[in-house]
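Engineer: The primary structure of each chain is shown beneath.
2 protein chains.
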Amino acid sequence: MPNGLTPIKIISSGIALPENKIESWQLDIKLNKPKGYVAKRSGIEHRFHAKDNDSQAELAAKAIHHALETQHIVPHSIDMLISASAISVQALPCTAAHILEQSSLKQGIACFDVNASCVSFITALQVAAGFLATSQYQRIAIVSADLASRGIDWQDQESSLIFGDGAACMIVEKGDGTSGIITYHHETHTKGIELCEIRAGGTRKNPRAGMTDDDFLFHMQGKKLFRMASSLVEDFMQQVLTDSKLQLNQIGTVVPHQASHLSLEHMRQRLGVKSEQLIDIYRFRGNQVAASIPSALHEAIISGRFYGQPNVMLIGTAAGLAFCSMVLIP
Amino acid sequence: MPNGLTPIKIISSGIALPENKIESWQLDIKLNKPKGYVAKRSGIEHRFHAKDNDSQAELAAKAIHHALETQHIVPHSIDMLISASAISVQALPCTAAHILEQSSLKQGIACFDVNASCVSFITALQVAAGFLATSQYQRIAIVSADLASRGIDWQDQESSLIFGDGAACMIVEKGDGTSGIITYHHETHTKGIELCEIRAGGTRKNPRAGMTDDDFLFHMQGKKLFRMASSLVEDFMQQVLTDSKLQLNQIGTVVPHQASHLSLEHMRQRLGVKSEQLIDIYRFRGNQVAASIPSALHEAIISGRFYGQPNVMLIGTAAGLAFCSMVLIP
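Taken in sequence, the protein lines are chains B and S. For the first sequence, the positions run 1 to 330 when the UniProt record's numbering is used. For the second sequence, the positions run 1 to 330 when the UniProt record's numbering is used.
Chain B extracted, bound-state conformation (with noise of 0.2 Å):
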């Protein structure tokens, strides 16, 4: 149904890794745990964090990097550099400017952040369809890239296993316009706005209006963010399907938010998804926050599942709380 597509391809994409690999039995040894607690109770094998000197700037870079590389772009045809992370680098100014700083890219491009949580990529994408109709912009690269390990409480034992770091990087042209966006949707519900959050960065804590260093942490209350998201996941997918005038089995590939064991799970189990249809990186990546859908993207790129397929579904859970989904033509 080309009819009222947004025309945008993915030409390449690229992923990056901090050095650092943390197997579960090395936390099961930092936790005190039993042998096997970690990968059992994560359903994670390994994962990465970067070490405290590691910069979120210039592990995007790398991401970005590995996508020019990859299909052999020229660093200066890129025009336009969108940031599409959860976490910022630093309160000002955008961390685009910051990533563009440490890349190869042309020095002078546009560039600036968008920023819905876990789910920013998605918005990325159509916004950055949007700059390409106007044909001002022709060739932009996209990069998430998020330390959630910098955030870690390992105080906390449900969320300090499940997250890793890293970085992946789309770019994107028009196309000729038989690729491109048939729906995206997109909903908040403030109403879970504390069930996963970091409270310091901005002008809510910092020393002027006070703060704490548990402020610098994440927080999440992981059963009534399962709980309230599952409830509310299933209609959502529904209107997301119904918008696209398409079943759930027209949908070649679901690359969903890799927020964890139990999300991924819930997909398969009550909304249908089957295995061969979902994008699971989780094992090898845990939950890395904004990165994980274009890193799982840029999975099913690699693997032979995004291009030739009728119909891609990009789907996630966000702080906030939000739902973000878009379903296109590869």
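Hint data in this document are derived by calculation from the structure and do not stem from the laboratory. Watch out, some of these pointers could steer you wrong.
Pairs involving identical chains hold if they fit within one copy or between any two copies, as the list cannot separate such chains.
Below, in silico cross-link-like pairs of lysine-lysine (DSSO-like), each with a Cα-Cα straight-line distance of 27 Å or less [claimed, not checked]: (1) Lys21 - Lys205; (2) Lys40 - Lys274; (3) Lys205 - Lys30; (4) Lys106 - Lys274; (5) Lys51 - Lys205; (6) Lys21 - Lys9; (7) Lys106 - Lys224; (8) Lys9 - Lys245; (9) Lys40 - Lys224; (10) Lys33 - Lys51; (11) Lys106 - Lys191; (12) Lys9 - Lys30; (13) Lys21 - Lys106; (14) Lys191 - Lys33; (15) Lys33 - Lys245; (16) Lys106 - Lys223; (17) Lys245 - Lys106; (18) Lys245 - Lys205.
With the hints as your guide, set chain S onto chain B.
Structural biologist: Positioned in the frame of chain B, the structure of chain S alone reads:
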């Protein structure tokens, strides 16, 4: 030239200011300066500073409500909220979710942040036009709110005098195609990235990576910043005019970022913007960071200098160092 025009129509605007008005003579006393020093040095009569327990999200919500009430717009008719602020409420979730929570807007709508530092509003306006083009969204609220006072370094004479807090909101629709965006230009020159920054707030400076209270303060190298900005802005503005196929005298109203007394003088003296073309609210607001451009645009609207103009230019410099401009038909 509605040829290639990206349709968008501003249907209402509103602003909000903290209650706490700070006269320049009060800063003379606070900073132990002779009477009249701050007013003369800064070019500001008064600005507004939030109290330490005031909320950025509440201030943003007030600006939204002002815009809704002015044109009797039903809150439930807004289907997307974009925060276009430079500094976030907190690291996670995004600022727009916090603003939605404080507002009378419908729960469950799409919301996210666009951050291009001080020029965020211009970028958000172009982003909104992209969403309106898909026809999945009909009426978008864009709000910029910044509490610069929370990061003022009172030891730094250069920057401490010029900042004021505030919020502004524009409500936009697609319109009938006669109004819209002619050109959007955006450049980021990262050799100036350290000239204007707040280092804390994200992954770079925090308890795990190391930080001091000083990292939460706004740091500006004013002279270097002004020198670099003024050396680039002339070419930038000329490029915008060339691409718009317009002469400066065909621009009815120029809405600049209210960066400083000097930057506004520079627009008049060096760039040749006539006083009757220029929106200047600096004397009674100071530099309101990302809230400056939409606040000045609101001033243009209520003083009859927006609708009915053949062309209007928004233009600003931002931390990064970035330049952004848009020429639109109101």
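Engineer: Against each hint, give a clear statement of whether it holds in the structure.
Structural biologist: Going down the list of hints, with the structure as the test:
no.: 1; hint: Lys21 - Lys205; result: between (32 Å within a copy, 23 Å between copies)
no.: 2; hint: Lys40 - Lys274; result: within (23 Å within a copy, 69 Å between copies)
no.: 3; hint: Lys205 - Lys30; result: between (30 Å within a copy, 25 Å between copies)
no.: 4; hint: Lys106 - Lys274; result: neither (42 Å within a copy, 34 Å between copies)
no.: 5; hint: Lys51 - Lys205; result: both (25 Å within a copy, 13 Å between copies)
no.: 6; hint: Lys21 - Lys9; result: neither (33 Å within a copy, 51 Å between copies)
no.: 7; hint: Lys106 - Lys224; result: between (45 Å within a copy, 22 Å between copies)
no.: 8; hint: Lys9 - Lys245; result: within (21 Å within a copy, 30 Å between copies)
no.: 9; hint: Lys40 - Lys224; result: within (21 Å within a copy, 56 Å between copies)
no.: 10; hint: Lys33 - Lys51; result: within (23 Å within a copy, 47 Å between copies)
no.: 11; hint: Lys106 - Lys191; result: between (42 Å within a copy, 12 Å between copies)
no.: 12; hint: Lys9 - Lys30; result: neither (44 Å within a copy, 57 Å between copies)
no.: 13; hint: Lys21 - Lys106; result: neither (32 Å within a copy, 43 Å between copies)
no.: 14; hint: Lys191 - Lys33; result: neither (35 Å within a copy, 48 Å between copies)
no.: 15; hint: Lys33 - Lys245; result: neither (49 Å within a copy, 69 Å between copies)
no.: 16; hint: Lys106 - Lys223; result: between (45 Å within a copy, 26 Å between copies)
no.: 17; hint: Lys245 - Lys106; result: between (41 Å within a copy, 26 Å between copies)
no.: 18; hint: Lys245 - Lys205; result: neither (45 Å within a copy, 47 Å between copies)
Checked against the numbered hints above, the structure breaks hints 4, 6, 12, 13, 14, 15 and 18 and satisfies the rest.
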